[in-house]
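Residue numbers (our numbering): 3 to 157.
Keep in mind that the hints are not guaranteed to be accurate.
[What the hints assert, rightly or not] Estimated spans, in silico, between C-beta atoms of each pair:
1) ASP72 / GLU117: 33 to 43 Å
2) GLN120 / ILE100: 12 to 22 Å
3) GLY80 / GLY143: 37 to 47 Å
4) TYR27 / ASP59: 21 to 31 Å
5) ASP52 / ARG119: 31 to 41 Å
6) LEU140 / PHE87: 28 to 38 Å
7) GLU34 / ASP116: 19 to 29 Å
8) GLY80 / GLU34: 28 to 38 Å
These are calculated hints, taken from the structure and not from any lab test.
For every residue, glycine included, the Cβ atom is placed at its ideal position computed from N, Cα and C.
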Amino acid sequence: MSTRAMYTFYDSYSEIHVYKHHDGYPYCKFPEGEGGGLVWINEAKKFAWDLPRFEADEFASAFVAANKSDGGGVRLVGDKRPWEFASDCEYWYKVSSIDGDLHVTVMSVDWWGDEPRQLPIMEGFLRTLLSTQREEALEKGYMLANTKRSRKEVA
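Required output: the full structure, derived from the provided sequences and hints.
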C-alpha cells in the first residue's frame, strides 16, 4: 500500500506542485536507513542551489531529481489545485524559504468529496522537524521492517 503525498514548493513568484506516489508519511526509520516526506525534501538539497538561494521551480526540479529513479512514481502537477489531480493523497507538504532556511508545513489531507480538507500536523524549519522526528524514532525504538523501498533509493 502506497502513502501518496503532494509537495508544493513556493516563493513570491511561483508555486510548483509535485506528486510522489509512495512513502509520503512524514518520517520513518527502517533497517536500511530512513524515509518519508521530510527526508525526501532534505535529499533534494543535494541537487538544489545552496541556501539561502531558493527559487520554487528550481527546488521542485531538485526534488524530482532526488526522488525519481524510474518511470512513474514522481511527477509534476500543472494546476494550482493539487486535490483535483490526486484526491487519494494522505499528506501535503508546503515548502518555502524563510530567512534563507527551508520551512515546511506538513498537513494530513482528505481530498475526497466536494470540499478538500487539510489539517496541519507539524510546521517549522526542515532541520528542526527532521531532528525532532529522528529523536522520537530513537526514543520509541520504532523501525519499519517491511518496506518496498530499495537500498539504492535510500543510499
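Cross-check of the supplied hints:
no.: 1; hint: ASP72 / GLU117: 33 to 43 Å; in the structure: 35 Å, holds
no.: 2; hint: GLN120 / ILE100: 12 to 22 Å; in the structure: 20 Å, holds
no.: 3; hint: GLY80 / GLY143: 37 to 47 Å; in the structure: 42 Å, holds
no.: 4; hint: TYR27 / ASP59: 21 to 31 Å; in the structure: 26 Å, holds
no.: 5; hint: ASP52 / ARG119: 31 to 41 Å; in the structure: 37 Å, holds
no.: 6; hint: LEU140 / PHE87: 28 to 38 Å; in the structure: 36 Å, holds
no.: 7; hint: GLU34 / ASP116: 19 to 29 Å; in the structure: 41 Å, violated
no.: 8; hint: GLY80 / GLU34: 28 to 38 Å; in the structure: 34 Å, holds
The structure is inconsistent with hint 7 alone, although it conforms to all the rest.
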